[in-house]
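Visitor: Residue-level listing of the chains:
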Amino acid sequence: MAQPSSAPTPTIPQATRPPRRSLGGALRVLDVDTRLLGLIAALAVIWIGFNVASDGTFLSARNLWNLSVQSASIAIMATGMVLIIVSRNIDLSVGAMLGFTGYTMAMAQTQWLPNGLGLGLDNPLTWIITLLFGLVLGAILGGIQGFVVAYGGVPSFIVTLGGLLVWRGLIFQYAQGQTIAPMDPTFRLLGGGPQGSLGEVGSWALGAIACVAIVVGLILNRRRRASYGFQVRPMWAVVLVGAVGIGIVLGGVWVANAYPWPEALANQYAESNGIPIPPGGLIIPTGIAYPVLIMIAVTIVMTHLAERRRFGRNVYAIGGNPLAAELSGINTRRTVMLTFAVMGVLAAVSAAIQTARLNAAVTGLGVQNELDVISAAVIGGTSFSGGIGTIPGAILGAVVMQSLRSGMVLMRVDSPMQDIVVGIVLVAAVGLDSILRRRASS
Amino acid sequence: MTAIPQPETHATSTPPRTAPIVAMNDIRVSFGGVHAVDGVSIDLHEGEVVGLVGGNGAGKSTLMKVLSGAQVPDSGEIRINGQRVTIHNPRDARAHGIETIYQTLALADNLDAPSNVFLGRELVGGLGTLDDAAMESATRELMERLNPRFKNFKAAVASLSGGQRQSVAIARAIQFNAQILIMDEPTAALGPAETAQVRELIRQLKADGLGIFLISHDIHDVFDLSDRISVMHQGEIVGTVERAGVTTDQVLAMIILGKKPDEVTSEELAALH
Ligand SMILES: Nc1ncnc2c1ncn2[C@@H]1O[C@H](COP(=O)(O)OP(=O)(O)OP(=O)(O)O)[C@@H](O)[C@H]1O
Ligand SMILES: [Mg+2]
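Chains as they are written, first to last, in my numbering: chain V, 204 to 645; chain C, 1186 to 1458.
Read the hints as simulated data drawn from the structure, not as lab findings.
Please read all numbers here as calculations on a predicted model, not as lab measurements.
Cβ coordinates follow ideal geometry from the N, Cα and C atoms, glycine included.
Hints should not be assumed to be uniformly reliable.
What the hints assert, rightly or not - Residues from chain C that keep clear of chain V, each with C-beta distances beyond 10 Å, as calculated: (1) Ala1204; (2) Asp1211; (3) Val1257; (4) Thr1285; (5) Arg1306; (6) Leu1331; (7) Arg1357; (8) Lys1391; (9) Asp1393; (10) Asp1412; (11) Ala1456.
Claimed, not checked - Chain V is faced by these chain C residues, among others (derived, beta-carbon under 8 Å): (12) Asp1294; (13) Val1309; (14) Ala1429; (15) Gly1430.
Claimed, not checked - Restraint ranges, calculated between C-beta atoms of paired labels, are given here: (16) C:Val1270 to V:Arg537: 55 to 63 Å; (17) V:Val339 to C:Gly1347: 33 to 41 Å; (18) C:Asp1409 to V:Ala244: 54 to 62 Å; (19) V:Ser430 to C:Gly1347: 27 to 35 Å; (20) C:Thr1203 to V:Leu639: 40 to 48 Å.
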């Protein structure tokens, strides 16, 4: 704020500069997250690259549908990891928590509920009791770690490293290397698959609801800002943002519905329901898989928590300046503890998806998932210096990671090579991000 | 200049016309072996500005942190409007109407100005969702008064200038109808125009009946704004004087030599010049 002390200030030339029609200017008017756009661009490059290399297999409905299901469990946990890293902590135990809660949920539905309450594997209550039990257990595991971090003052790296060993150790202790299978049939739907999906009509209905929500949300937001007399986005910008949003939603639904049930399954279904099989075979659109549905729900809830709730605002404040947060009366300890509890719940959600999908709990469940989860959050723009990171970014980060892996599988790249590529991409992404950030701030 | 005028010095226990809104008695804080605050008593009345001055490390900030809940004292008592209170953390202090502008601006750099103003006391709507529009609107109104040229309501405060950040810190302190305001170097980062604005604001707040502790190294600021001046030296209060009864030279001598004006010899005073 250097300024001449008294003499009348000469007119500053830049103040009279006419507004330029540049890309940057347009983005500012649109009021969209440029980092997110960058991530989408990177994803587009990866997708198109693999599609060309695989002669169109990568962007087939089948592959995209599988990609969405494969991304779900990591993406769900990545949303929680964002809050953890934003508050300047880390959770290395998510994979072990996933394993432990997954294993316990398997025990619950195969042993405890049938033997204790007399609920068999096909009882309609089994899946929901099991799931709630798992979520509470996850909250407790995460909460314990969070308590030690926040109130005990032990660095989260150490606490969750310990947690990783303890939870994983407990699995081996009690499972003795055994696999628990099969899972409850209803519970299994949580893992996706043709039956564990919304189907054609359900998917379109959901898409329609989402489109309405986008339009209503944009209008309400604009009205609200206008009622305070704030500057609002020009109408063309609102329409553009809305149109892109609706386009993505409808495109996603269309792709999910373009993937039909496998022929054998469809024929079986036709037979058992007495439907005549048409000449080309019975085409049953799969629609959005339940794990993806869960991921969408988690994204909405977590974004709301991060951006529209005191809790989230406080998490970001703690990450930005822990002392300032403390001095402004925020209960920083409780807030940090809660981020770990939320992480535990999300690990349990992913555990349900993974056990359901495998139709079994194995002792290796969730091994090294922490690395994928942390990578997804970081590729999605979450910064270890604290205070910065978004939930949608982490989701995209997870999709980028999974796209790389899935693309390399299509290209028959073997697993060690996949790890090498993902490792390099991770470091390069963060390196590029910090260069751009530095340039933007100078 | 050989004769030293003898100003009237007030003991902190002087019975005032009204009960003080703040009375801190025999406060002690030590860090390891360092007695940062060593048996200090100080008080503040409604509509009064008490300037707190002293050299670097004299203990001013530490004393005020005790009042704002950022530092728990080893011993001593605090009375607010005559009532004995315990202040364990910043939330307790705020509950007693004490607001603080910290020397090292306690801002969350990654958040925007409205979020910082309402940090820890966010406005929420019906379902407990944050009401960002209302917070922005209130912040705009406040800034109209504090720093009319402030325009960056959406940018992270990390990208603001020192003076703009200072405005945000001040806005935060006065947004919630404080009764007692602690300002630790409020004009340190400001240009001349902004400094004048802050001075004007202090006068306004004083007229509104707030009690203000003003810490400043700018002796002219202190003389212009304070009713009384307390001088600290090595953790102790050297003396508390009526502004009207002293000269800047005398206060400077108290700051540097750590003695009351009547204890200073003319040689010591001469050595200062
Ligand atoms: N957290 C702390 N830990 C250890 N020593 C501290 C701490 N805070 C302050 N001190 C010490 O207490 C003494 C008083 O510090 P304080 O910050 O109160 O001084 P001050 O009068 O505000 O100085 P300045 O004018 O430089 O702001 C100093 O010797 C300082 O080193
Ligand atoms: Mg100080």
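Visitor: Under the constraints set out in the numbered hints, which ones does this structure not fulfil?
Guide: Violated hints (numbers, rising): 4, 5, 7, 14, 15, 16, 17 and 20; every other hint is consistent with the structure.
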